[in-house]
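Chain by chain, the residues run as shown.
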Amino acid sequence: MAGAADAATARTPLAPNMPGAGESRRPGALRIPTDEELAARSQEGEREAFSLLVTRYTNRLYNFLRRRALSDSDAEDLTQDTFLRAWTKIGTYKRGMRFSTWLYTIGTHLGATRARGKRLPMAGSMALEPVASSDGRAGRADGPDELAVRLWRAAEEILPSEQRSAVWLRYAEDLGVAEIARVLGKSRVNVRVMLFRARRTLISELARVEGNRKDGTG
Amino acid sequence: MSRQANNVSGHARVEQLLRTADAAPWADAPAGLRERVVRSLDGVQHPVRGESWSGRQAAALGGGVAECAAAWHRVHVSAGRPGCLRARRCADRPSRASVRRPPARGLIKPDERDVGAHAQRSGGACFRDAPRGADGAVAPAVCVDGVKGLRPREAPRADGQERHLSPPEARRTRRRPCCSHAPNHRLEYLSKCSQSRPVHSGRLTELSLRSLRLMG
Chain A
1 MAGAADAATA RTPLAPNMPG AGESRRPGAL RIPTDEELAA RSQEGEREAF
51 SLLVTRYTNR LYNFLRRRAL SDSDAEDLTQ DTFLRAWTKI GTYKRGMRFS
101 TWLYTIGTHL GATRARGKRL PMAGSMALEP VASSDGRAGR ADGPDELAVR
151 LWRAAEEILP SEQRSAVWLR YAEDLGVAEI ARVLGKSRVN VRVMLFRARR
201 TLISELARVE GNRKDGTG
Chain B
1 MSRQANNVSG HARVEQLLRT ADAAPWADAP AGLRERVVRS LDGVQHPVRG
51 ESWSGRQAAA LGGGVAECAA AWHRVHVSAG RPGCLRARRC ADRPSRASVR
101 RPPARGLIKP DERDVGAHAQ RSGGACFRDA PRGADGAVAP AVCVDGVKGL
151 RPREAPRADG QERHLSPPEA RRTRRRPCCS HAPNHRLEYL SKCSQSRPVH
201 SGRLTELSLR SLRLMG
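Protein chains in written order, with the numbering used here: chain A, 1 to 218; chain B, 1 to 216.
Hints were generated in silico from the structure; no laboratory data involved.
Any given hint could be a false lead.
Said to hold, decoys possible - Output of the computed footprint for chain B on chain A, the stretches with three or more beta carbons under 8 angstroms from beta carbons of chain B:
(1) 71-81
(2) 148-156
(3) 180-188
(4) 198-206
To be verified - Residues of chain A clear of chain B, computed beta-carbon distances all greater than 10 angstroms:
(5) T34
(6) D145
(7) V177
Beta carbons: idealized from backbone N, C-alpha and C, even for Gly.
The whole structure should be built from the sequences, with the hints applied where relevant.
Printed below as a string of structure tokens:
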């Protein structure tokens, strides 16, 4: 199992331009290689670099695939297959492309292939089970972020699969619209529309939740 | 507030809430998933630098490893044909486009630009001794030292003066192959030719190398 520190690192979606994700600004500070640098080193045959990418992305990829797979065990298998495919196809990774986009695209394709092979409905037509996080973040509903937690929970439960994936990639993974479009195999306009509709659904849900709170029933 | 303004603020609010730190329901990956992934990668050959294409194995076959035009690609030269990259394919990418090619015909490499000065230094002897065609012209644009000229020249006249060929003559001579088995090769590539046949008298290559060394 990834350690607590690993899990914390993996959970934080650091964009390459965010502090800590790329080159350190302070002179003399320890330089943390970006995902893209590690991918480039993996292309040159450095297994350690890819191993570090696996550490960074196991949790993130699993969380993404969990939203597309039919079950948690499917998500585990898909995570493993995605890394395996990424390693065997590392030569096709284009430098300059965000590594997460490339990896998630592989995961999405593998998920679709697997669902097709099993003659199963495409990813996640059912609502996601609430997660049981080790620190109970997702189950917490009494802090200052209570509304945000409830909103996420609603997003997981009521949004259709594709919208759920798009919302996850946009707001949890902090990917851009173009990158989400690439991962999901949609056009940018389609992604924008999906996000818009998802937000519209969540606005209604938010109003309902707030109405319940005012009434004292929430 | 208008309905549209309400909508906009509603979207912005939802976005803000979704971006709230630690609100997203991240699940912890199951125990051992990372190790399982790493284990599954064991023994999987690297697609680019797999064992079967390692430089050591290529060397054992009698070949070598040459740098490819792309920064991280390598060209593996198989046994028995060292040096000639032209006929090689990049082992990593089966397209020849990635392999370093000789310059296209007509392109002049920097060390060939000074052919006039070279002719002057040698007193024209290099051109006088060069193999002549049936019309008495010097072999295509190349003197006996293997220095390719920008423009083909006729053999120096008795008074030591040289005359540049007319454009049609120049084109004709330029098209002339430098040797039979490699019609597209020019003399500067012959030392790398995969078939390693003697070039003209065999003296040319040796001389050309010496000459190029002298020209520095």
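Hint-by-hint comparison with the structure:
no., hint, verdict
1, 71-81, "holds (count 4)"
2, 148-156, "holds (count 7)"
3, 180-188, "violated (count 0)"
4, 198-206, "holds (count 5)"
5, T34, "17 angstroms, holds"
6, D145, "5 angstroms, violated"
7, V177, "13 angstroms, holds"
Checked against the numbered hints above, the structure breaks hints 3, 6 and satisfies the rest.
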